[in-house]
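Chains as they are written, first to last, in my numbering: chain A, 1 to 185; chain B, 1001 to 1549.
Hints in this document: simulated from the structure, not taken from any laboratory. Honestly, I wouldn't trust all of these hints.
[Unchecked claim] DSBU-like cross-link-like pairs, simulated, lysine-lysine; straight-line CA separation at most 30 Å: (1) A:Lys39 x B:Lys1444; (2) A:Lys178 x B:Lys1444; (3) B:Lys1027 x B:Lys1017; (4) B:Lys1545 x A:Lys142; (5) B:Lys1395 x A:Lys39.
[As the list claims (entries may be wrong)] With the C-beta cut set under 8 Å, the calculated list includes, among others, these residues of chain B facing chain A: (6) Ser1093; (7) Arg1393; (8) His1426; (9) Arg1429; (10) Tyr1430; (11) Ser1437; (12) Arg1451.
[To be verified] Quick partial rundown of chain B residues pointing at chain A, CB under 7 Å, derived from the structure: (13) Asp1097; (14) Pro1423; (15) His1452.
By construction, the Cβ of each residue, glycine as well, lies at the ideal position given by its N, Cα and C atoms.
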Amino acid sequence: MLSAILTLAILAGIFGLLLGFAAIKFKVEGDPLVDNIDKLLPQTQCGQCGFPGCRPYATAIASDEADINLCPPGGDTTIIALADLLGREAKALDSEKNAAPPEPMIALIDENSCIGCTLCIQACPVDAIIGAAKQMHSVFDKECTGCELCLPPCPVDCISMVAIEQNITTWKWPDPAKRITESVS
Amino acid sequence: MSPLWSFPGGIHPPMHKEESTRSPIVKLPLPERLILPLHQHIGAPSTPDVNLGDQVLKGQRIAHADGYVSVALHAPTSGTITDIGEYPIPHPSGLSDLCIILSPDGQEKWISRETKDDYLFMDASHLRNRVRDAGIVGLGGAGFPAFIKLNPGPRNVIETLIINGIECEPYISCDDMLMRERTANIVSGVKIIAHAVQARQSIIAIEDNKPEAYQAMLEATANEPDLSVVQCPTIYPQGSEKQLIYVVTGKEVPSDGLPLNVGVVVHNVGTAAAIYSAIAKAEPLISRIVTVTGDAIRKPQNLEVLIGTPIRSLLDFCDAQTQIDQLIMGGPMMGFTIHTPLASVLKTTNCILATTYNSLPEKNMEMPCIRCGACADACPIKLLPQQLYWYARAKDFEKIQDYNLFDCIECGCCAYVCPSNIPLVHYYRYAKTEIWSKEREQQKADIARQRHDFRAERLAKEKAEKAARHKRKRNELKEKSDPSKKETLIKNGAKSKKKAAILEAMERVQAKKEAHKTEPKNTVNLTEEQQRKIDQINKKRETRKNNED
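Here chain B stands alone, though its shape is the one from the complex (with noise of 0.2 Å):
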């Protein structure tokens, strides 16, 4: 086994996540009913396939993919689409978006699925695509489509496949308890997308702290001699992928690279197990695994959830206290507060946190910076936190992003060290929006732009149009009034050409009818009785003629 690296920085805290692996994962029963966002993953959000009153079964796809880094979203089990439209999500703003509520039939009837066994056989596109049908996303956290890291593009050569098992992140224990209850499912999952991106080897990347899944990992590759499984000393943010590239591997993803640069790509142990039951038992993504813990939960565990459970049933399953302070979605280090309980667990969701201000570190007032410069000996990609501070507190935006804010992955580590308990990480997120809003409203001036310089072109043309077209009929009238011109003007004017074709026109007919001229046959030769009759009648034709008139 090739040694491991280490990155600069990082952070021990206390771990906290013996509390919910004493109890194996536990399926949660049936909600009343489903809240399942359109918006759950990086990209675009997915556009609704069903209506008002519709029934789906179980697996079926509710929503579609819109564009490329986007994914499906499927109905969690059999119901009744009883609504479409904003709900409250679990989002740092506490804004809602546009949902689809399912009222489960509790028949859990499954749509017809054509299961797989041969899919280490199966050609690497069509694999991307059951991926990308299955609404599978990356379930580490950040929600990035699955399919898109599986496939790497005809120039790329990946060396090296790393399975993301570190769960470096306080509290959260749903990947421990996965590798340790379904070890074949991700070892299988790992086969797949090792078939899929070509990979000349698969290492399963677990911290020390997780023993027994690394003990349950490790048997169940023993025969496998492209996988192996290595155990990483714990430290905070170990989980994050470009630092697990460069401990596995040595490798430095460059600032604006991917893992793909290096040759590398990496998929969380939790992705692995979905993308195989995607692939073998065609069971799209409609459930997780979600760490229910903190000090507010009297019986912290770890459940198998359906996609859009709502918080509540969560905490109520697991004996919450009614006292809860901060509800925080993901870890205490890079978790976000969600402001009701209401809010749907999603793709992404991969632990609850429930806490009192007992448990908290007491939370002090924001002190001063005194550049003690701790921050910048945490920080895991060597930027100088305190600079960037400075910056986003001085709204200088331009400089901020010389000193690479956009490198900064959140992991906390600075705001944890500062001894003066600045929220470092808000100082940051606050600036990305704000740049971010700023782009987009310098996009839209420059559109506002271009649409004004467009109309006032447009007038122009209409103004030099008219004008041209004035000054055309002016000419024409003042031809037509002049006398001298008459004449010439009726001869090869438009009019006297019409009336000259209808005379030759007539002309030509009447020659005809000169040439042509015979009598007809049947008047000539008539008798006498013949004569009278025919005049008879023409008489009657002419006095009905006249009364008709």
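The following block holds chain A by itself, in its conformation from the complex (with noise of 0.2 Å):
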């Protein structure tokens, strides 16, 4: 009886010590759920969830404080990785947000327009506006995000949202399941 209980003693403080050990050891900088949320998502740091960029949107998914269907940029496809991740039911698109184009956008400045306020490039998420106070501005197309926060600034309205042109490096071959689908309907 008493050996029975010694023996579980020692072995109980035994993997205590290991545990406690491993726990130091081992320890994880920061929440890495967060790291992997935020990989998922597209980036655009557009702000359309409510959260003031996509790192944000991701604390909030790890904490439990947002729901996964806030991003429309990423769409269904951004849904359906965050509930592989996360172990949640996939659903749709929050019926509020507006879904994002089908194919990507990129800002455009009209620069006979433009009248140099800074207010577009202060705006920007991901400083792909170039200019300074009272020249002409304009977009670094290959970072521009689409995010679109340049637009309601813009005093003369001269910002518009173009789809960025394919050419033969970007171009993608069809989905021939489409090609079926339409032929049958």
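Please dock the two separately framed chains into a single complex, following the hints provided.
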């Protein structure tokens, strides 16, 4: 009886020490869940989810403060990926959100109308607008995420969203399965 | 001769090569204009060297290589540059791309050239540079810059150089005709390549459905101990690089490796001939042999065509029917449909196939997969085509990569044998471009995240700096307004220091004046006359000064 209790107590002590050591040795800095969620988000930094950027939204999802269906640019692909990661049920995009355009868009400044007010530069979350006060502004199209945050501050409405033009390196073969369903219907 | 190996799978489609091999190669007359796309090869597009209205000579470089994996482009004939802009190019998308338009002047005036006979004593790197400057790409169809394959690197020993004269795809016969008619050029080209890569042995591989070409090559290499010619049993896709290496050497190139890894380099016969012209005759790649065939062509044949010639000119020359239902660049297995005959011949164009619906096997509708497994038997790379098909349909792009989608060479054997007429290769191409597009999006997202983080960091830094500045100002103001500290401030402050320095300097000047106080000697002992004159002058000066004021 006594020897059994003693053995178990010693074993418990050893395992306790082992676990304690492991907890210190293999300590994970930060919250890896937030990083993983952030990786799945499209990084447009548009704020359409109601949070100021992709990472704050990822943090909110991780702490269960926000649902996974609030990201319009990510669309269904992102929702399914998040559902997979978090083991939750995938659902349709929140009905209050406007669905993103089917093809990626970028901002284009009408350079004749631009008055050089720098308001759009301050609004751009990825510093993709180049210009200075009273100088013409221009969108650096490679870095533009199409978040549309520069549209509302513009006092002369000279920014428009345009579809990214396809070239032979970005062109994709059409989905052959789509052709069948079209020909059947 | 060592025995040949055979790869798994493969098919034996009807070849239709006889139609276009009945007449010798004919040079196509100069077209009215040449359309020269800047992106004719694998790698970065070349950058134009010419401006609108420039006069160029035949063989003059009109665009240079941009980066390592890129080659130059040359004027195929003499004439004027009439435009540089977007024109339709032969591409499955039907999109336009940047092209240089050249209007020939009919003179065919060559740029000055320096011919070389001592090429077998040239340095390997010098040979490579000449091949690079001549704009040579693999002429078998993929268009990989040829000079890169001439550079095995210092650590790799090339056991075998294989010259690909297989031409396994139906209808195409340009390599066959080249081997029959320009045998000597090919043999010299092979010697140059073998010298550049220091190959121990060179093997020219030809399928047994080209007996004339085999005979010609055999005769031309009779006196070459390091050069042998082998005849391989006809099977499609034997001309694919990795399959050919296995057939000839029995070595398998690893999935993510290069032929270099097994000590082999493969070049096409057309590339060998082009390398000979570039090195020995200093002629850049400005023309190539193109097979024009198909049942919509009344005079199927092989033509020597300048790069950039509109496909329309080829069709007209070969007396094409007005009714063409499908215009294909390349062969029926791996070629792609081109949307307009206005597009031009590229460096990689080996065949123009014009067909009517009568000749093609009846276009049956795609039926469901019945899991018969015929595709897996036909696959030369031992992939599982039907699994790839299901994952492509389900858009499961992660799983499809687990099944080695990127090892697929798109040879089309699976689709050829499919009893349900499923365009399997189309599904794989779709999946590949989707995956590449997703990778590009991911890269863009990563950059956006970095830029956003950097911006947040910058804003935070600016805010902190601003706060610190305000705090310092506030403290200074507080100290100034405090009366008890005023005295000391004035004594030690910046302003009083300056004042003290000025005062000190003035004192120094005064002291100096005192020390050197002497009367000017010329004013001593003046006569009365002199004194009066001086007074007068002084007076005048005085009045003038007053008037001026």
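We went through each hint and held it up to the structure:
no. : hint                  : result
1   : A:Lys39 x B:Lys1444   : 12 Å, holds
2   : A:Lys178 x B:Lys1444  : 27 Å, holds
3   : B:Lys1027 x B:Lys1017 : 20 Å, holds
4   : B:Lys1545 x A:Lys142  : 73 Å, violated
5   : B:Lys1395 x A:Lys39   : 20 Å, holds
6   : Ser1093               : 4 Å, holds
7   : Arg1393               : 5 Å, holds
8   : His1426               : 5 Å, holds
9   : Arg1429               : 4 Å, holds
10  : Tyr1430               : 4 Å, holds
11  : Ser1437               : 6 Å, holds
12  : Arg1451               : 4 Å, holds
13  : Asp1097               : 6 Å, holds
14  : Pro1423               : 6 Å, holds
15  : His1452               : 5 Å, holds
Taken one by one, the earlier hints fail for this structure only at number 4.
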